[in-house]
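Trainee: As a plain string of letters, each chain reads:
Number of protein chains: 4
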Amino acid sequence: MAFSQELRDLGVKVSNWGRWGDDDQRGTANLIDAAAVQRGTACVVGGKRFSLAAQLRENGIQMGQPAGRYNVTLAPTSLNERDQHAPGIWSGTDDFITMSTCAGTHIDALSHISYDGQLYGGRPNSTISARGGASWCGAEQLEPIVTRGVLLDIPRALGVERLEAGHAVGAEDLDTALAATGVVIEAGDVICIRTGDMAYYLEGDGKRYAMGSDWKVTGLGASCVEWFWSRDVAGAFVDTYAYEVMPPETGNWDDLLAVHMLQLRDMGMLQGQNWDFEALATDCADDGRYTFLLVAAPEPIVGATSAPVNPVAIK
Amino acid sequence: MAFSQELRDLGVKVSNWGRWGDDDQRGTANLIDAAAVQRGTACVVGGKRFSLAAQLRENGIQMGQPAGRYNVTLAPTSLNERDQHAPGIWSGTDDFITMSTCAGTHIDALSHISYDGQLYGGRPNSTISARGGASWCGAEQLEPIVTRGVLLDIPRALGVERLEAGHAVGAEDLDTALAATGVVIEAGDVICIRTGDMAYYLEGDGKRYAMGSDWKVTGLGASCVEWFWSRDVAGAFVDTYAYEVMPPETGNWDDLLAVHMLQLRDMGMLQGQNWDFEALATDCADDGRYTFLLVAAPEPIVGATSAPVNPVAIK
Amino acid sequence: MAFSQELRDLGVKVSNWGRWGDDDQRGTANLIDAAAVQRGTACVVGGKRFSLAAQLRENGIQMGQPAGRYNVTLAPTSLNERDQHAPGIWSGTDDFITMSTCAGTHIDALSHISYDGQLYGGRPNSTISARGGASWCGAEQLEPIVTRGVLLDIPRALGVERLEAGHAVGAEDLDTALAATGVVIEAGDVICIRTGDMAYYLEGDGKRYAMGSDWKVTGLGASCVEWFWSRDVAGAFVDTYAYEVMPPETGNWDDLLAVHMLQLRDMGMLQGQNWDFEALATDCADDGRYTFLLVAAPEPIVGATSAPVNPVAIK
Amino acid sequence: MAFSQELRDLGVKVSNWGRWGDDDQRGTANLIDAAAVQRGTACVVGGKRFSLAAQLRENGIQMGQPAGRYNVTLAPTSLNERDQHAPGIWSGTDDFITMSTCAGTHIDALSHISYDGQLYGGRPNSTISARGGASWCGAEQLEPIVTRGVLLDIPRALGVERLEAGHAVGAEDLDTALAATGVVIEAGDVICIRTGDMAYYLEGDGKRYAMGSDWKVTGLGASCVEWFWSRDVAGAFVDTYAYEVMPPETGNWDDLLAVHMLQLRDMGMLQGQNWDFEALATDCADDGRYTFLLVAAPEPIVGATSAPVNPVAIK
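In the order they appear, the protein sequences are chains A, B, C and D. Each residue of the first sequence is one higher than the last, beginning at 1 in this note's numbering. Each residue of the second sequence is one higher than the last, beginning at 1001 in this note's numbering. Each residue of the third sequence is one higher than the last, beginning at 2001 in this note's numbering. Each residue of the fourth sequence is one higher than the last, beginning at 3001 in this note's numbering.
Watch out, some of these pointers could steer you wrong.
To be verified - Once the Cα atoms are required to be at most 30 Å apart in a straight line, the calculated DSSO-like pairs of lysine-lysine come out as:
(1) C/Lys2048 - D/Lys3048
(2) A/Lys207 - C/Lys2207
(3) A/Lys48 - B/Lys1048
(4) D/Lys3216 - D/Lys3013
(5) A/Lys13 - A/Lys216
(6) D/Lys3216 - B/Lys1207
(7) C/Lys2216 - A/Lys207
(8) B/Lys1216 - D/Lys3207
(9) B/Lys1207 - D/Lys3207
(10) B/Lys1216 - B/Lys1013
(11) C/Lys2216 - C/Lys2013
(12) C/Lys2207 - A/Lys216
Honestly, the hints are just simulated from the structure, not real lab data.
All chains should be built: construct the whole structure from the sequences, respecting the hints.
Mentor: What follows is the structure, given as structure tokens:
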């Protein structure tokens, strides 16, 4: 087998290489201009704020698949005590953590995924090394996202509570959900796609969240890629563990992670997963407004290929 | 020696214990109401965005003092490779980090500092343990800050490039800088105080940034505490290593970290350090507008006593 | 409830506090004199060597109970590459690990467990802090163990393949197994007690190894403590997850970890768990010789309360 | 430039590829037979024991060069407390560490260094990956070393206190020091080479230890390689930071780490650095006996390319 030709062709079609110069490391963040910031700001009416991050905890989202993704560990390097060189009556606690940068709610750096040996912009993936990480498109290149966010609540639009395991969210699902919002997407908007999967995790069923059911997980299908591209959206974030549907819709295992490949490598599009839209979705359903100011500023870890973020939706 | 009586008295005066209920863990975040969000949003005019975070890197801000504060380490758990259970043609990189939660730009959780064995709200500091961290006022209790930010650029207001090592920023400095902005502080605003120290770090002199000169470091003095309290500001963030001046202004070493003690334990006020105001300050000086929408959403690490954050100023 | 009086009395009886001076941090390592080294060396006949350590791996022995004990993580900080300051044609790999010091095969430092607020020698357990660890009886005080080892193969002596979950290995079991060896214990010997539990782990049933069955785990019972004490053995190591039997034999949950408490705090005795005696036991059964030179040199981690070790039996 | 031809030729000459079979991962550990164990054991006369490991501590041996080698960090995951699922009156402390596997006293796995893309036995270095580490010649393949050790005390033999920075220990130095011992090397012996550098570290001058002086560091020269090979020694361990001399004796920077390359890749020889021979050397000088039983059992970290070890010399 090999990467399916229609997906390979789609990659060529949606490619943004060179669009913002040969040395561009920002990708679709280029689409977030002052107008997008103002458009987002205009969505702030009442002053409500929603954190879209899941809490980072020892028994958090990661379940050991893929191997090597670790939840946070927390251990103090001081505990209600003072430094020997700092006298006084105070007591302080300092904490030390270890974690995978994509353990919880995160944004992928554009260097996260490659194919045919190439990253976004055509740079070789050998620009990533163990010593120093990604010298091209590392997480420090991810600037804070400040734009209008649009919530597409797929299950609500489809009249179901949650999507079935293995449901590939497709362009028609996005259309349906978008129609329910009455919003017209503009270049530089960010799309927040709710599948409802995060509710499994929040309810305590981390295994269902991570592994789905019958070896199928819910996520974006390949038709989303062109949908995003044709609208010049700046990013798309989801409330699932794997971002995209598995197994691949084509039935060809060599297409696994095709959405990652096309969006990160070819489009240079901002994406990330494990976002929590539950409270936000309830509020949007209540007031009928599915747009908000989205501010998502990932940790600027030099050389990392993904970064933790606590995104905020402000209405 | 002992904690100076006037500081102890000041702690009683500025105490917010019980103000928002006996079980309150939000502290001055309570002051950020819908009006504060709207007031901040109203500051967005042109759409400029400023990250206020210093990059996290191996040879970053921490210098080994205090002992046990570690810069980030970055090491891949996959490097342009696939999981054995995930076939295909893609290549991916996953990263693993270790760091102190206060290694770089951060917000203190209210549990970070105590005295007389008590944390904010009068809870015993024994509510913090090595297993699980802070069960009272952990970092997961820090909700995203969304409000109006006001930059007080002390050196610019004083007509100097940077403050001298050991300069205690006092109430009169805040008044002078505030007067230069023409802003009237309102309850729920957040104050960003620039000393210029961060420029040392950005220029490559991390030692000067961290250690100051002649064993003196620049930072807030005790008179700031009442200044913040009397105006009901929601938080105050600085561009220095230690937040407050050292040695203590009183000359009494038992007053070391008095500002931390009074603000975190007594006021329950949001604070943090290693914020980078350099680019923002230049912009504010250029257009004469020292207010902005501040969005600062710390990583929700359950039980941590401080949390990394990438704050964003939007003008 | 409270700590059972007969166990508390036993603690007083077996106490070694002050026996080797008030400042002693070596405990029963004092019993390993030159004669013990020579006695161990005399056991080397054929030259066979057995590592008694389980491999350290990501999906290793730790199962999440108790919380906060983590298997090793391994991530490279260079991968077939060179340092920028070190030219040449070589390629090198450097590794970074995280782990709990008691994740795998380990020795407890005498500071690991206390009761009534006291550690071995009567020092307060407040001598352990998050900054710096144990300043009294840290792992750096554990010198290499070099002495005669004696394997007591309990299931073989009892004529069963493995012990039942919840079997409390008692003094009579030790007597039975010792009788089968024909050895006379001498002061300074180290006892290696095989229950067979490690075989579960090696076969792939880590859960059975860690958690036992029906909430019961196999391990040493309280009568072993006096048995060790009366013979002045220098240490006792086991092939189980928890070292001692659970639930407590007395039925009193306040007696949980009584063996740890009496051996570490009162006797100052060397102990540790997750040792692998499988290959050694087969060899001893084959040649009828249950003694060997035991060399166990734990990692000298300053301030740690336990330390990984790769013990070697040489016959 | 390129790798010097005489060194490349030496690599061919000393190659042990295939000597113990095509699938061999043990290298010169194959030379440690029962006779070597017995020969080592016969050196135990009085019963003295010497740990050859430097303590692992936060401010330990590593100095930031090469980048990415980190000293140990130690932080508790419980501190004088109990697990919520484990009641009782006991208090326990558990520790979590991070470190580079070669931070302190260590043994290199044969996978640590390659050239021309090949590891020991001709396997490609692509057998090492970020996910899982070295699948060929990982540290778990390093069995415990139990053999006769021979101390070659170079400065004492040369009549100086310590060697000069940049001194390349050569075959003639080894001959001189060996002559002073009166020992005849036999196949399977391990050589411990003292330069005296470790004394700098132990005295507190970690910079001199790590960085030498005038950009020169003391270490083994290339002539040692053939010396070891011609005598079939099983391993050679040193008391320096870098193992081999720097800059290269040839003046050709492409020869940097030639000793590592030839010993690890071509000979498959056991080696390691940061061993502490200070106390042992004094004892050997006192009693004139430079042989001992050496037991060095590295931590069996699956996939690691080096491993911490606490070696023991027993006389």
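Trainee: For a C-alpha distance cap of 30 Å, please report whether D/Lys3216 and D/Lys3013 respect it.
Mentor: holds (29 Å)
Trainee: Given the proposed pairing of C/Lys2216 with C/Lys2013, does the C-alpha separation stay at or below 30 Å?
Mentor: With a Cα-Cα distance of about 29 Å, the restraint between C/Lys2216 and C/Lys2013 holds, given a limit of 30 Å.
Trainee: Can the restraint linking A/Lys13 and A/Lys216 be considered satisfied, given a maximum Cα separation of 30 Å?
Mentor: holds (29 Å)
Trainee: For the pair supplied as a hint, B/Lys1216 and D/Lys3207, is the alpha-carbon distance within the 30 Å limit?
Mentor: holds (27 Å)
Trainee: Is the straight-line distance between the alpha-carbon of B/Lys1207 and that of D/Lys3207 30 Å or less?
Mentor: Roughly 18 Å between the alpha carbons, so the hint for B/Lys1207 and D/Lys3207 holds.
Trainee: Taking 30 Å as the top limit, are the C-alpha atoms of B/Lys1216 and B/Lys1013 close enough?
Mentor: Satisfied, since the Cα-Cα distance of roughly 29 Å is no more than 30 Å.
Trainee: Assess, step by step, whether the Cα of A/Lys207 is no farther than 30 Å from the Cα of C/Lys2207, and give holds or violated.
Mentor: Within the cut-off at roughly 18 Å; holds.
Trainee: Straight-line Cα separation of C/Lys2048 and D/Lys3048 no greater than 30 Å?
Mentor: holds (22 Å)
Trainee: Run the distance test for A/Lys48 versus B/Lys1048: straight-line Cα separation, threshold 30 Å.
Mentor: With a Cα-Cα distance of about 22 Å, the restraint between A/Lys48 and B/Lys1048 holds, given a limit of 30 Å.
Trainee: Is C/Lys2207 within 30 Å of A/Lys216, Cα to Cα?
Mentor: holds (27 Å)
Trainee: Between C/Lys2216 and A/Lys207, is the straight-line Cα distance small enough, at 30 Å or below?
Mentor: It holds: about 27 Å lies between the C-alpha atoms, which stays within 30 Å.
Trainee: Check whether the Cα positions of D/Lys3216 and B/Lys1207 lie no farther apart than 30 Å.
Mentor: With a Cα-Cα distance of about 27 Å, the restraint between D/Lys3216 and B/Lys1207 holds, given a limit of 30 Å.
The earlier numbered hints are all upheld by this structure, with none contradicted.
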